[in-house]
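Residue numbers (the numbering used here), protein chains in the order written: chain Y, 118 to 526; chain W, 118 to 526; chain V, 118 to 526; chain F, 118 to 526.
Take these hints with a grain of salt, some might be off.
Any copy, or any two copies together, can satisfy a pair, since identical chains are not distinguished.
Said to hold, decoys possible - Here are the computed lysine to aspartate or glutamate pairs in the EDC-like style, where the Cα-Cα straight-line distance is at most 16 Å:
hint, residue 1, residue 2
1, K419, D274
2, K419, D524
3, K411, E315
4, K411, D476
Simulated from the structure, these hints should not be mistaken for lab results.
All values derive from a computational prediction rather than experimental measurement.
There are 4 protein chains.
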Amino acid sequence: MTSYIDLPLSGLEPPLSEMEELVQDNCHRFAEEVMRPVSAVLDEMTPEETLAPESPLWGVLEQAQELGLSVSGMLELDPQERSRLMLIAAEELAWGDGGLAGMILVSMMPALYSALAGNMEMVEYCEGKMGCWGITEPDHGSDTLDADGGLQAVDGDYGRPNCVARIEGDKIIINGQKSAWVSGGVTAQVCALYCHLEENGKTRPGVVAIVPLDGPGVTRGKPLDKTGLRSLNQGEIYFDNVEVPMSHLLAGPDNYVDMVYHTLAEANVHVANLAVGLARAAYEHALAYAHQRKQGGQAIIKHQNVKYRLFHMFRKVEAARALVRRVADYNATASRPALQGSIASKVNGTQTAFEVASDALQIFGGNGLSREYPMEKLLRDARACLIADGCNELLALKGGNLLVNPDLI
Amino acid sequence: MTSYIDLPLSGLEPPLSEMEELVQDNCHRFAEEVMRPVSAVLDEMTPEETLAPESPLWGVLEQAQELGLSVSGMLELDPQERSRLMLIAAEELAWGDGGLAGMILVSMMPALYSALAGNMEMVEYCEGKMGCWGITEPDHGSDTLDADGGLQAVDGDYGRPNCVARIEGDKIIINGQKSAWVSGGVTAQVCALYCHLEENGKTRPGVVAIVPLDGPGVTRGKPLDKTGLRSLNQGEIYFDNVEVPMSHLLAGPDNYVDMVYHTLAEANVHVANLAVGLARAAYEHALAYAHQRKQGGQAIIKHQNVKYRLFHMFRKVEAARALVRRVADYNATASRPALQGSIASKVNGTQTAFEVASDALQIFGGNGLSREYPMEKLLRDARACLIADGCNELLALKGGNLLVNPDLI
Amino acid sequence: MTSYIDLPLSGLEPPLSEMEELVQDNCHRFAEEVMRPVSAVLDEMTPEETLAPESPLWGVLEQAQELGLSVSGMLELDPQERSRLMLIAAEELAWGDGGLAGMILVSMMPALYSALAGNMEMVEYCEGKMGCWGITEPDHGSDTLDADGGLQAVDGDYGRPNCVARIEGDKIIINGQKSAWVSGGVTAQVCALYCHLEENGKTRPGVVAIVPLDGPGVTRGKPLDKTGLRSLNQGEIYFDNVEVPMSHLLAGPDNYVDMVYHTLAEANVHVANLAVGLARAAYEHALAYAHQRKQGGQAIIKHQNVKYRLFHMFRKVEAARALVRRVADYNATASRPALQGSIASKVNGTQTAFEVASDALQIFGGNGLSREYPMEKLLRDARACLIADGCNELLALKGGNLLVNPDLI
Amino acid sequence: MTSYIDLPLSGLEPPLSEMEELVQDNCHRFAEEVMRPVSAVLDEMTPEETLAPESPLWGVLEQAQELGLSVSGMLELDPQERSRLMLIAAEELAWGDGGLAGMILVSMMPALYSALAGNMEMVEYCEGKMGCWGITEPDHGSDTLDADGGLQAVDGDYGRPNCVARIEGDKIIINGQKSAWVSGGVTAQVCALYCHLEENGKTRPGVVAIVPLDGPGVTRGKPLDKTGLRSLNQGEIYFDNVEVPMSHLLAGPDNYVDMVYHTLAEANVHVANLAVGLARAAYEHALAYAHQRKQGGQAIIKHQNVKYRLFHMFRKVEAARALVRRVADYNATASRPALQGSIASKVNGTQTAFEVASDALQIFGGNGLSREYPMEKLLRDARACLIADGCNELLALKGGNLLVNPDLI
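Could you build all of it, start to finish, from the sequences and the hints given here?
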């Protein structure tokens, strides 16, 4: 009776600008035609095979260049437009494959963080190079995100960092290692490195610098064998007296805490958005399957219980996306981004992705568990997001800290 | 260390227009200074006392006039602006008191639905009168929202309606009753009546008409004694050969289903928004209390577990509001509103309000259960929203129906 | 086709002993015929009216005597039998009314705790008197349950207690106050008092003593006006140089921590069991209503969504009861009760009661919100249980502490 | 302060009998020493490798024989003892590896179902052979569990079965196929087959028969490649005029519905119990890791948030096990098992396993996602249980049907 409404790609989307529509369409086509076929193949490979010369990964990354997503291009837009456009583009890519979308995004991080620091020279230097964000360390997973020590127990002690930089004359000299969780760490050509500063035998936070990874003293670990986002390599980076000119410095001890704040405020929204893409992919698969699969003599979407569950998936995806967009809008227009907002979008979006992926898998019944169908991979990909860029519990505590008004205690 | 950010009234809000800011401020002041003090008093009264001449209810409603919220005024704005402004205003009112905000909103419904039907004469007729939406019937709670029968069991039968209209010449003649769940039903001067049409001894959906409630043949039930939103009266309306001129007709059988669709698409967003206001009030109370209350020698917001819970309340409120705003934006700009979106915002917002109210109450410990504190009333108010304007389960099934693409089955 | 199974009163109950069956039947009849009619009346009264001489409360308590539930009678059974019998009896009472069941249970607490301490003289002394458990203080809600300080922040400080006892010769002398959250505090004749010991101007935990409340120096606060369990009064007790003979001592500083441990291990299971009774009452109301109420032309239990929700209520009630019984069995047979088990049963049972009460209310639609139906009261009663005898979050942290194996750190 | 309690293997377990303790210890040792090392290896293999002659699977199954778990041995115990013992044994095996425990359990199913049918000849026939339960079909996943059609839509139609049996003289003749979801289907020597009966060209439920799978006319599909429980093979079985003597009949059309009822009532409890073993394994891994892993200068179990989460895992595992045990006790002693109870235990246990596995993985942070650690496999195993032996939603609807009292409608 009531006529069916065919919603836009990104759901309850108010009218897009012409440019937004163009970018969305391009990315969607790329996701559908290029990323999806390859992603299933990469998921089955060992981490080493994924990165071997004959891997289809490289073709995808090459073709992705043609999408024209560049940080310097984005910087020509006003902050609100830029933020919207990046989210619209990246959602389509994540809809195609979370791991490959992650590869494309992390590659842009050094340029993006350079932009956050206002260092246009480094933006230009990083543009077009495969990048990574090097912050997490073997003994300091969560600690590194807690640059101001706000979460440290009164009797706690974060202990010695695993990676430190010294400044000698006009050089930054780096020693130590970043842990296996560095996304893109195995393939990156350039690293946005966040580490402690060593001065007079003591260390403190910290230094942010753009470090090329093809020079002397840099070695890599082997790629991690992990459950989800398998097309996104992760691995250690080791530094042995690696030297970088001071022009590569994005932040020093005076503004390190602030730089981490802005970085996390930016990065968390992107992970949230990636999760929205994953969640939407899972929901759409389930919606389509529920139209095709028959049980009890009719398409299962006609069963009350199935349509009820699909509606809640739809609801969750829309709520997650709505929050991502609103937070990004706020951050792009406020004098200072609200990190608690970024975290809220990340926790909410990734939790949604995990729930929706599991609920969508369930619609497939036994087929949902089969590796012939895309659902179990989506669940593994979504599961990874609850930990990526800070496990949700640590982030929530960090977000909670930002709600404390010191004047009221 | 990291400086505290004092977020705007409505949270992660990108810059408001000057008018929006003015309306928000006015409504907030009214909510804080007028509504809140009275709401606690009304909550303790019997339903009859609430409506007695000496009740403080009347003063609040009178002062609310001065806020200048009128449907005809709103209609001068473009749809997107109008929609945003109404939501911004109503969130503040709901933050003040859910029941009183409900009273103010339902009063506007007849004019608003007249506008949906494009009947400007009736907008003008209703403006300034206390209104109500008369659809629910004793034997047809959920059924009435299912105007197209999409949820009806194959072997089900909605049976005889409790209220019917006949059309005789240029008059609509109404008989029967609407149930005790009509919000504002006891006090309304005018009713947007949705009922079945009786023709040749048979009935079918339906008729929408503006019915003045002060004429002959109309009687009322007594106000319902209920757990939450106690300042919003609900009660039966009985019709005994009530006559209304045809000029009061908003929809007949040809467009009845469509009129219900548009009405619900509009109304659900408003309930969702009201729930956001409630949830925010609960969160803010808990946040303030956590700064004041000490346990174990320090403000409880310093306890890891308390700040963790507060963060999740913040997150849920922001996600609920973000979805309300996005849905409203979509509906205001699309050629046809997406009812599944409106429902999603309602289910999500009211579920959030219930969870956040309960979580916020918990921060107060034993005081949360005491009637001296505002928390237990907020929980009762929030609980009512899970049923108001369609229980969430029925709505979710209705929303699920709208996801079915008939071309794919 | 498949024949319907009429489950026993307490659900999936393996065969009861003859005595258990008798007690269950008696309690059930009392709950149905005496408690339920009165509970609705008491819920509407002010706290003062509840305790006025003409209140029906007194009749219920008097008739409850005839059930023959006495601590000394119970002590003749072996621990496992005793524990089972108390739970079976109390579930029926809580099914009748949570507040009245609470009144009957707290009255037994001083005798029960005397038994825990092995003090049979005090068991006899307390038997037949209305009792209460006096531990919570205005500035020390959670702290009092943390007798060993295990939850104290490193830089925290529980500060000065509000109530202290001195020992002078063969007398215990008590000063200060217990807070408004003492269940039965307004009506109790005897109090199992848990407070700090004052020695040489310093205070430390602590003293447990049986204190008659009709002697000089004892005054009471007025009964608390609260949202749920309204038939169970709560109020402050003030002590001004109240003297008690040393024979009333149940524990001193050497075994105070242990006595609190055993007390909480016992009490938490009883609150859990009370919650199971509430949850079951809510479920049974919803099940019955779903057979009677028609929508869409058939009993709503025939709707897929309604039977689905009812099944999950059934499941939750059964799981909650199963855990209560298993924990009680373990504790009755182990050399030392596992407090983490008692807490698990309490957190699980009360969370279940709140969820099931809300889900059951929802089945009633608008009627669920009306004060004419029992559902909204059940929700308020259940909500109170999430805080009673320790808010669930604090208890969970305490339970978590007990999982730490000091040898492994 | 409060001394740490080292709980028994199966948690809050009241004293076990000597035999129970012996079986539990044996199974635990086998699980730890034999199953766990092999399970990680099998998980990495392709389904074909898992079943290749050199696979370590065969060694495990051979050694499992020495545990002495046989249906005929069990039948010598009284029903309550038998039921308890099987659950205690199987929990330990599932703790070792869910898939291998599944292999051991499904092998016993033909003998067990023969016992349900009171056919001791078939018990003896099946004993010692690898078995499977053949009920699910390509077009009839859920339908097959709905033998009485209670869930069928009024306008639904289950359509033609994929596998049918004819009875000719003293022979049962089978044609068609069972679907890829038959657990153990690739390796079974004997199948408890549940299918439709074909008479006069029409089909109806049904026939239960013990079918040897090494005779003429039986072929198999290749083992399914799936996400979890990978050591438990699943695959199609095809029947081409397979003949079985009438002595192999366990049920015909008169008692087919009842046989399915009893079978599901038995099987669901076993899946629930398997899930409890998985959940416990996940919880124990997380508990151990939280003692070892340091962050912020101390073992993470000292962090408030970590101990809070561990407590809730403990709580959920205990509640899930408590329900399994109670349901089994009820079913073993009642005149007719309560299928709604079995389903409740299955839905509850498997939901718990999934939640606890995910929560436990989260404690490991990034390591939880790595294939070097056991957590991500446990999550995949647990996910499979939400669908195995009936997806939880279908089961819940079936359970809901059993709550309908036909006399009350």
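To see whether the hints hold, each was checked on the structure:
1. Taking the shortest Cα distances, K419 and D274 sit within 16 Å of each other only across copies (13 Å), while inside one copy they are farther apart (58 Å).
2. Proximity of K419 and D524 under a CA criterion of 16 Å is satisfied inter-copy only: 14 Å between copies versus 56 Å inside one chain copy.
3. In the homo-oligomer, the alpha carbons of K411 and E315 never lie at most 16 Å apart, since the shortest distance is 65 Å inside one protomer and 23 Å across protomers.
4. For the homomeric pair K411 and D476, neither the shortest alpha-carbon distance inside one copy (18 Å) nor that between copies (31 Å) is at most 16 Å.
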